[in-house]
Amino acid sequence: MGHKIIPTLETKRLILRGPTPEDYPDFKATFASYRSRYMGGPLNPYEAWMLYAAEIGHWNIRGFGMWMIHDKDSDETYGMAGGWQPAGWPEREIAWIIWPDKAGKGYALEATHAARGYYYANGWDGAVSYIDPKNLDSIRLAERLGATKDKDAQTIDGSDAVYRHPGPAALQDSQVAHGIEMEITHYADPMFKPKGWALD
Amino acid sequence: MTVQFTAPTLQTDRLILRAPQLSDFEAVAAFYASPRSSFVGGPISAELAWRSLAQEAGHWVLRGFGRWTVVEKATQKPVGIVGLWLPEGFPENELGWDLFDGATGKGYATEAGKAARNFAYNTLGWSTVISLIADGNDASRGVAKRLGATHDGAFTHERFGSMQIWRHPAAEACA
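Chains as they are written, first to last, in numbering that gives the first Met the number 0: chain W, 0 to 199; chain H, 0 to 174.
Wrong hints could be hidden among the right ones.
Listed next, the in silico DMTMM-like pairs over lysine to aspartate or glutamate satisfying Cα-Cα at most 25 angstroms (straight line) [said to hold, decoys possible]:
| id | chain 1 | residue 1 | chain 2 | residue 2 |
| --- | --- | --- | --- | --- |
| 1 | W | 133 | H | 157 |
| 2 | W | 104 | W | 46 |
| 3 | W | 3 | H | 157 |
| 4 | W | 27 | H | 12 |
| 5 | W | 3 | H | 46 |
| 6 | W | 148 | W | 159 |
In short, the hints are calculated from the structure, not lab data.
Source: prediction; values computed, not measured.
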């Protein structure tokens with residue numbers, strides 16, 4: 000029998016692990032909901048299960064993929080974040096989805112920042128996010144991650160906007176990186192109250 | 000770290016059954032672009048074919064069993080996807096086979112199907128297995144018959160439509 004290994008990432012509040020069969024119910028509930036409308040949903044049970052199999056298999060055949068986001072203390076899952084590049088994706092993508100009732104706490108920011116940092120430390124020289132132009136929450140998160148709209152980049156199918164992330168060198172010790180870490184600190188420490196609120 | 004389970008490699012006289020991998024994509028995409036895939040949810044785009052290949056790998060992790068890429072020993076080329084399948088909504092454990100263009104008429108589905116069924120019975124300890132065959136898929140029904148399966152009812156799948164259930168001989172009968 001063969002095995003493949005998915006690394007675990009730890010952040011201030013979160014632990015990112017490879018998706019497992021036990022994590023499926025929350026994924027299924029999210030993809031049955033309106034929350035998934037910008038990610039090809041809502042899906043019926045067969046489609047949701049097959050998409051989850053594809054999330055897992057992406058790691059297996061591509062060598063990178065989407066982590067399951069867990070609470071460090073309770074182990075509860077909050078969503079998924081990581082790298083994504085099926086056929087038809089012009090470039091490697093940083094992607095995320097947060098379960099509907101877990102939004103607004105900065106989990107997507109914390110998880111995508113860690114995932115992007117991991118991939119940058121392991122050979123990626125850049126990344127994009129493909130976002131439905133109507134998905135304002137996701138666009139706002141991409142912008143908080145320092146990504147900017149790249150009008151000249153090739154899209155998946157013309158219906159998506161391409162947000163280009165700052166590369167590893169541009170991100171290193173940047174104001175954006177420090178800002179992200181400060182924002183995460185504010186979520187993690189109730190003494191601090193973030194200005195405004197996170198939508199994702 | 001999370002450990003992902005992948006398919007063990009099996010061998011028959013003419014074939015190798017191994018874990019699905021990225022280099023299978025071209026062959027899988029060609030199959031899913033062709034009318035040959037019409038009984039298994041196709042034809043579909045290259046993007047969905049890629050997803051389908053990822054699903055093959057993911058199924059092994061989710062269930063501990065799945066389908067193999069079948070490679071022809073003589074040419075080292077992928078000739079199909081055969082194995083054990085239980086996505087959400089299937090009535091019971093299934094043995095399925097998809098042969099790529101140019102690989103039919105050689106008994107490959109039967110040969111690989113037998114190896115996969117033996118794995119189900121001898122390694123996984125299953126006592127029974129079915130094959131779901133779309134109405135009108137005569138070639139596939141021929142394979143089921145050659146494997147000794149018999150018609151055992153019907154099942155309607157939300158994506159694949161109306162399918163016949165073909166039940167394989169029980170584990171003891173195949174021993």
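Item checked: Enumerated hints in conflict with the structure, sorted upward -> 1, 2, 3, 4
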